[in-house]
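Engineer: Let the sequences and hints guide you as you build the complete structure.
Yeah, the sequence shown ends on 428 if you go by our numbering, and it's all consecutive.
Worth flagging that the hints you see were computed from the coordinates, not collected in a lab.
Just so you know, even glycine gets a beta-carbon here, dropped at the ideal spot from N, CA and C.
Some hints here could point you the wrong way.
Label pairs and their in silico Cβ distance ranges [stated by the list, open to error]:
| no. | residue 1 | residue 2 | range |
| --- | --- | --- | --- |
| 1 | ARG262 | ARG377 | 12 to 20 angstroms |
| 2 | GLY265 | ASN318 | 29 to 37 angstroms |
| 3 | ASN363 | SER248 | 31 to 39 angstroms |
| 4 | GLY265 | GLY311 | 41 to 49 angstroms |
| 5 | GLN264 | ALA366 | 23 to 31 angstroms |
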Amino acid sequence: MSEAHSFRPGATQNHARQPADACGSPAGNVTVQPSARERHEVSFAITEVAQRVRTWRHQGLTVALCHGCFDPLHIGHVDHFREAASYADRLVVTVTADRFVAKGEGRPVFDQNARARMVDAIRFVDAVAINDWANAIATLECVRPNIFVKGIDYAGPNSSAAFAAEREAALRLGIEVCFTRSAKESATALLHRLAVISRSTPPSEEGTDRCGIPHLSSRLGAG
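Structural biologist: Here's what the structure looks like:
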């Protein structure tokens, strides 16, 4: 049975990297092969992602999985994904469906498809799926990654009951549980900072700021 760890040393990556010049462009006469994203239309169906994971594992590759709302996506999430990607050969991210985002009034800020598309645009994320369950238990059973990765705030004894159940399921399935060490960023705190900025801009008659964006204060129920 696998054990949970507070962090995990980086695994050797099998991702092919192309030589680049100082500007990050492919160097010399290197032939750049089209990526999977360029060859195939991206699907956020969890069954299709699970099939890709089975293929990768059959090829001897290790797979890490991150799971969460990621609303709104911010630098803390990016750092979390970057570190998680170093733990395995492939990184899968599952995004919580809108109907299970219990973050309060006005959430999610971005719908599930927008959140999945933003996560999918991050270069070290290999596959994204929308998770249409209330937690990650069925996700782990369906996808069967080698490693289940959560943020450092889940590592303590006072983590949520939902995560405790997910962790138990992971260990039952032989999935290693790891925690990234990147500093925690709060999406809620970020939204309230943005709401303060939004309130400082006089709204139009339509309730939007000068850029035509609805005031965050009204989305969040702030005064």
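Engineer: All hints, please: hold or fail.
Structural biologist: We went through each hint and held it up to the structure:
1. ARG262 / ARG377: 12 to 20 angstroms: 18 angstroms Cβ-Cβ, so the 12 to 20 angstroms window holds.
2. GLY265 / ASN318: 29 to 37 angstroms: 33 angstroms, holds
3. ASN363 / SER248: 31 to 39 angstroms: 37 angstroms, holds
4. GLY265 / GLY311: 41 to 49 angstroms: Since GLY265 and GLY311 have Cβ atoms about 45 angstroms apart, the given range 41 to 49 angstroms holds.
5. GLN264 / ALA366: 23 to 31 angstroms: Since GLN264 and ALA366 have Cβ atoms about 37 angstroms apart, the given range 23 to 31 angstroms is violated.
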